[in-house]
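K.L.:
Using the hints provided, position chain W relative to the given structure of chain V.
There are 2 protein chains.
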Amino acid sequence: MQVVIDAMGGDTAPGPAVAGAVLSARRLGLRVALSGPTDLVQAELARHDLRGLDIEIIPAGEVIGMGELQPAEAIRSRPDNSISRGLKHLRHGGAQAFVTMGHTGAGMAAAALNLGRLHGVKRAGLAVPFPTLNGPCALIDVGANADVRPEFLQQFAIMGAVYAEKVLGIQNPRVGLITIGEERGKGSQVVQEAFPLLERAGLNFIGGVEGRDIPEGKVDVAVTDGFTGNVLIKFAEGVGALVSQILRESAKGDPFSLLGGVLMQGAFKRARAKMDYRAYGGATLLGTRGVVVIGHGRSDAEAVFTAIRVACRAAENGMVEAIGEGVARADAATRGAGAAP
Amino acid sequence: MQVVIDAMGGDTAPGPAVAGAVLSARRLGLRVALSGPTDLVQAELARHDLRGLDIEIIPAGEVIGMGELQPAEAIRSRPDNSISRGLKHLRHGGAQAFVTMGHTGAGMAAAALNLGRLHGVKRAGLAVPFPTLNGPCALIDVGANADVRPEFLQQFAIMGAVYAEKVLGIQNPRVGLITIGEERGKGSQVVQEAFPLLERAGLNFIGGVEGRDIPEGKVDVAVTDGFTGNVLIKFAEGVGALVSQILRESAKGDPFSLLGGVLMQGAFKRARAKMDYRAYGGATLLGTRGVVVIGHGRSDAEAVFTAIRVACRAAENGMVEAIGEGVARADAATRGAGAAP
Chain V
1 MQVVIDAMGG DTAPGPAVAG AVLSARRLGL RVALSGPTDL VQAELARHDL RGLDIEIIPA
61 GEVIGMGELQ PAEAIRSRPD NSISRGLKHL RHGGAQAFVT MGHTGAGMAA AALNLGRLHG
121 VKRAGLAVPF PTLNGPCALI DVGANADVRP EFLQQFAIMG AVYAEKVLGI QNPRVGLITI
181 GEERGKGSQV VQEAFPLLER AGLNFIGGVE GRDIPEGKVD VAVTDGFTGN VLIKFAEGVG
241 ALVSQILRES AKGDPFSLLG GVLMQGAFKR ARAKMDYRAY GGATLLGTRG VVVIGHGRSD
301 AEAVFTAIRV ACRAAENGMV EAIGEGVARA DAATRGAGAA P
Chain W
1 MQVVIDAMGG DTAPGPAVAG AVLSARRLGL RVALSGPTDL VQAELARHDL RGLDIEIIPA
61 GEVIGMGELQ PAEAIRSRPD NSISRGLKHL RHGGAQAFVT MGHTGAGMAA AALNLGRLHG
121 VKRAGLAVPF PTLNGPCALI DVGANADVRP EFLQQFAIMG AVYAEKVLGI QNPRVGLITI
181 GEERGKGSQV VQEAFPLLER AGLNFIGGVE GRDIPEGKVD VAVTDGFTGN VLIKFAEGVG
241 ALVSQILRES AKGDPFSLLG GVLMQGAFKR ARAKMDYRAY GGATLLGTRG VVVIGHGRSD
301 AEAVFTAIRV ACRAAENGMV EAIGEGVARA DAATRGAGAA P
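Residue numbers (my numbering), protein chains in the order written: chain V, 1 to 341; chain W, 1 to 341.
Do not rely on the hints blindly, as some may be mistaken.
Note that identical chains are pooled: a pair holds if it fits in a single copy or bridges any two copies.
With a Cα cut of at most 27 Å, we get these calculated DSSO-like pairs of lysine-lysine [unchecked claim]:
no.	residue 1	residue 2
1	Lys-269	Lys-122
2	Lys-186	Lys-218
3	Lys-218	Lys-252
4	Lys-269	Lys-218
5	Lys-122	Lys-88
6	Lys-274	Lys-252
No wet-lab data here; the hints were simulated from the structure.
Isolated chain V (complex conformation) (with noise of 0.2 Å):
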């Protein structure tokens, strides 16, 4: 197996993205590719002790910033960027997996570009594993569709309990739709129109679930459109600043807590380690003709290295084939039985 990982993803590229593949092909005895300028990637490498690691580097002569504003945009006018070219290379056969640690809204449209979606699949959803009181959760779609349909959200649920099987680990997964209300007729719209939809799926669907209910574990995959799961995942972020800072607030004045707080210290570190969803490996793109992960900016080498080890049990477990088949199995229910191929 070799994974192509995306050299200049990243804040502060190609630094981690670098040292994550190194650690991978040492750690798992992976066959690593890293996309970048040919001169940068290997400058980057020769920072690394690389004796017996099979490392290659596919020439990329661009690098698609992480603040681009236009980044479809960048990714079609400049096809020599780093992504594209690695995504080319898992395209033709090279590698089972790509990586990048680079802008997200480009990583996606590189992949429209040059993988395309699987027969059958409407759109392609982003899918992150979410920390609950019951471990991970996989949430989609995290940003990948502001404005969605309901069959849409039904392929999400499916491609969803996939990736939740294939790479969290979890069997026959707890799907549910996240809604408001507990009444009939509650959520918006296009939700309680895919409500059918996600029964008929063929999924072990629980029903609508509301935002409490995510945390608290009560299902495995939470399936919702781009806008909202985005929304959730960046203000989950900013929660654990705002806990934080809370907590030294309310322990100031106060010489028990205080001295609280300093021996605590290793459990505060330990408890933001497993809050922080960038350690589950960033986020993973459903419904596209291959493996893509995408991790986060401020993925540091052992971030980098969590990522390809997803792409790896994705791309090792058959995670886009089993996608394939668990689309074409609801669209041939949703024809109904008997009706014509």
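P.N.:
Frame of chain V, contents of chain W only:
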């Protein structure tokens, strides 16, 4: 000033509602009215020292349960319910504000039926104060409108700014529209269309804000649709429990952290209180002809007192009138100077 309180609202009514009403009569020198079955309310009042207090009972024969699945239908078919009776007392000028800890959907439906919307208001919106690094931020809408049009978001912004000023005491509040991504053209269709409307609304509009900007306190008013807003506040409720649990687990087996945790009990308790949006007095319905505050069903007497204080402040500071003026002003500006009325 008299405030009318739904004696039968809340998970364990009438206890906390009546106790909170008595507290506010005592502490604020407020006149209060309690709507509910006379015998039940009298029996509950008998448990308190009422000397010197001005407390009226507004008879109501019916109660809308917290689990009511068809609240609008229940309000229509049982007009003698305690919410509607209280609102009618408000409408007839007996009181200047209404407070319930009852069913949110029923409260909104009863307000629509018994008070109606202010002239020019397209949809009433629910606002809550949300804790941030810089003090509370007004989040609107948190559940009244699952589906919105751009002009609803504009009015939520106007009403939310009045609420932030009159109830939260924030002068010239910074208003942000919740969206996703920093790229041009990102965000849902409705949000993209709302941007120019908010820019023209005569507000201190700072533009789009992402999920993480809310807890970080970048805005004083965060505007969104009722679906996203509701998912966010419910999610925040659940995250609190998740953080506590993860901290407990992270301290396990580490004697320093365990001791630290014991010493920090006081700080944890204070932090939880600060994070609990219920402590801020519940949700205020904006855009109706009268002050309506809907608190959390789990509120204790102190939380009911806080909700009543919020309602008082809104009434004293002329929140309803200011909303009417703000909406009319924006309407006039939108129609353009010199246009026919």
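K.L.:
Does each hint hold? Answer for all of them.
P.N.:
Here's how the hints hold up against the structure:
no.: 1; hint: Lys-269 to Lys-122; result: neither (41 Å within a copy, 48 Å between copies)
no.: 2; hint: Lys-186 to Lys-218; result: within (20 Å within a copy, 31 Å between copies)
no.: 3; hint: Lys-218 to Lys-252; result: between (36 Å within a copy, 24 Å between copies)
no.: 4; hint: Lys-269 to Lys-218; result: both (26 Å within a copy, 26 Å between copies)
no.: 5; hint: Lys-122 to Lys-88; result: within (22 Å within a copy, 51 Å between copies)
no.: 6; hint: Lys-274 to Lys-252; result: both (25 Å within a copy, 14 Å between copies)
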